[in-house]
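Going by full-length UniProt numbering, the sequence shown opens with residue 1, and the numbers climb by one from there.
Since the hints were derived computationally from the structure, they do not count as laboratory data.
Any given hint could turn out to be false.
To be verified - Taking CB as the label site, the calculated pair distances span: (1) D520 - S241: 49 to 59 Å; (2) P119 - V30: 43 to 53 Å; (3) E491 - P221: 52 to 62 Å; (4) V30 - L142: 20 to 30 Å.
Said to hold, decoys possible - Here are the simulated PhoX-like pairs of lysine-lysine, each with C-alpha atoms no more than 25 Å apart in a straight line: (5) K208 - K117; (6) K117 - K248; (7) K501 - K117; (8) K452 - K470.
Keep in mind it's a predicted model, so treat the numbers as computed, not measured.
We treat Cβ as the ideally placed atom computed from N, Cα and C, and that holds for glycine.
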Amino acid sequence: MATAMDAVVMQLHPGAIAVTVVALASAYMVWFWALSRRLSGPPMWPLVGSLPSVVVNRKRVHDWIADNLRATGEAATYQTCILPLPFLARRQGLVTVTCNPRNLEHILRARFDNYPKGPMWQAAFHDLLGQGIFNSDGETWLLQRKTAALEFTTRTLRQAMARWANRSIKDRLWRILADHCDAAASVDLQDLLLRLTFDNICGLTFGKDPETLSPGLTENPFANAFDEATLATMQRFLFPSFLWRIKKALGIGSEHSLRKSLAVVDQFMTETIAARKATPSDDLLSRFMKKRDSNGKAFPEHVLQWIALNFLLAGRDTSSVALSWFFWTVMQRPDVERKVLLEIASVLRETRGEDTGRWAEEPLDFDELDRLVYLKAALSETLRLYPSVPQDSKYVVADDVLPDGTVVPAGSAITYSIYSVGRMESIWGKDCVEFRPERWLSADGSRFEPVKDAYRFVAFNGGPRTCLGKDLAYLQMKSIASAVLLRHSVELVPGHQVEQKMSLTLFMKNGLRVNVKPRDLAGYVAPPPEEAPPLGPVVIPTTTAAAA
1 MATAMDAVVM QLHPGAIAVT VVALASAYMV WFWALSRRLS GPPMWPLVGS LPSVVVNRKR
61 VHDWIADNLR ATGEAATYQT CILPLPFLAR RQGLVTVTCN PRNLEHILRA RFDNYPKGPM
121 WQAAFHDLLG QGIFNSDGET WLLQRKTAAL EFTTRTLRQA MARWANRSIK DRLWRILADH
181 CDAAASVDLQ DLLLRLTFDN ICGLTFGKDP ETLSPGLTEN PFANAFDEAT LATMQRFLFP
241 SFLWRIKKAL GIGSEHSLRK SLAVVDQFMT ETIAARKATP SDDLLSRFMK KRDSNGKAFP
301 EHVLQWIALN FLLAGRDTSS VALSWFFWTV MQRPDVERKV LLEIASVLRE TRGEDTGRWA
361 EEPLDFDELD RLVYLKAALS ETLRLYPSVP QDSKYVVADD VLPDGTVVPA GSAITYSIYS
421 VGRMESIWGK DCVEFRPERW LSADGSRFEP VKDAYRFVAF NGGPRTCLGK DLAYLQMKSI
481 ASAVLLRHSV ELVPGHQVEQ KMSLTLFMKN GLRVNVKPRD LAGYVAPPPE EAPPLGPVVI
541 PTTTAAAA
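Modelling step: build the complete structure from the supplied sequences, incorporating the hints.
Right, here's the structure in full:
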């Protein structure tokens, strides 16, 4: 009897399975249709959500996000799903993307504690950055923030930055640029700037100059290892976390490269910390060695390593990337370059006299740099359109409602597009995509004026996590920009394509290949009064693709 019943069941089984599969698939499609109707972002597909759109637009991902946000009108916010599965789609799979200043203020300041870095970000960066200031939340972050804030407000740190920057500029950068003038050979300006800022931040952080910027442009094991470790870490964000965890356990692919690179970084840092303990200096590492944690104890070596590497990561790429986009923009508009040079010349005539030969003997000092308000405006305008960190993400701890009415459930993610903020008419007006330094100046052009609404410009982040090194960054950028322009003119190599690289930092994918020529300062000795900057608008149409 049982055998006969089993035979009937076996005969019905294939049909029952087919009916069940069709029913489940139909139910899923109805559910997916309802989900997609509720979300306002780019098109989604079953099972994979909006990930195909990300892949298709990966070469212009920041402009693609800006297009999506622009399509939402003044809301400047949309929601999409990267994991459209029941029970997951409304939390782990949901991503809210915004550039609305009121939302940014809510996330970065008003409800700061509800929007930490989150477990996914911290896990991905832990091997490289540990629980350093840029990869931690809560009390761990707060202690490091308070300690660092005391140091970043000291004049001695500014003096140390100026000392490292001036030495690198005078002894190496000027020499390399002059060599390329004589040889009539092109050079990758982005690479030079990366090397220069890397040397500067290493000197400032642990008092050791790796001299990656040298006439031979030789490779440095620590610099290469740090680059490779950073790249391998960022690749963890391209796939679900379980995949990179499996690769790490097996020691294959990018995780194998990461392990090897971290070994070099660890060895370098161990030797550096030992050297600083033996001979303390005025660098950040030496300063943190004198501090105490919440228990009154000195920071252990692994914490000191985290602190140093966090500052190294933050201080190297951001300034060099901003300067690369600044020079690229200025190369397209000689009139902007002339206004910058006229301002530099007007300052140096007062401080160094009429002899242009004396102007370029030394990089500009503190007081001279502080007077370059038009240059600071041009750098700020560069950061508005090409922020060094184009976007950032936060984890939602508890259910919340953003100021624009968007509901964000606990466990979901929020991405705020810094790149898009500067390109929205609703935020910056109809001329939002035009490069116009005057928007940062007072009516008479004599003073630099930050935007009244701080959350319209978040290139240095906002709220409690506002960049501590903002003033140092401006100091370094003004020092390098003025030093290059004072001695040399740079022109984009014909046919060189300038494209954004898909990265956490807005690198140029192909570098910035330029021809270098000596600067003739004869025309800046005594300019007519009407040429004194800044008079009249300076409008530079921007492009996100290339300069031919």
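Taking the beta carbons of E491 and P221, is their distance inside 52 to 62 Å?
violated, 34 Å
Would you check the hint for K501 and K117, treating anything up to 25 Å between C-alpha atoms as holding?
holds, 23 Å
Verify the proposed pairing of K452 with K470, using a straight-line Cα cut of 25 Å.
Between K452 and K470 the Cα gap is close to 17 Å, so the pair holds against 25 Å.
Taking the CB of P119 and the CB of V30, does the distance hold inside 43 to 53 Å?
violated, 32 Å
Assessment of proposed distance window 20 to 30 Å (beta carbons of V30, L142)
violated, 47 Å
Between K117 and K248, does the CA-CA distance stay at or below 25 Å?
Roughly 22 Å between the alpha carbons, so the hint for K117 and K248 holds.
K208 paired with K117 [C-alpha distance capped at 25 Å]
Answer violated: K208 to K117 is near 31 Å, above 25 Å.
Could you see if the CB distance from D520 to S241 stays within 49 to 59 Å?
holds, 56 Å
The structure shown violates the earlier hints numbered 2, 3, 4, 5.
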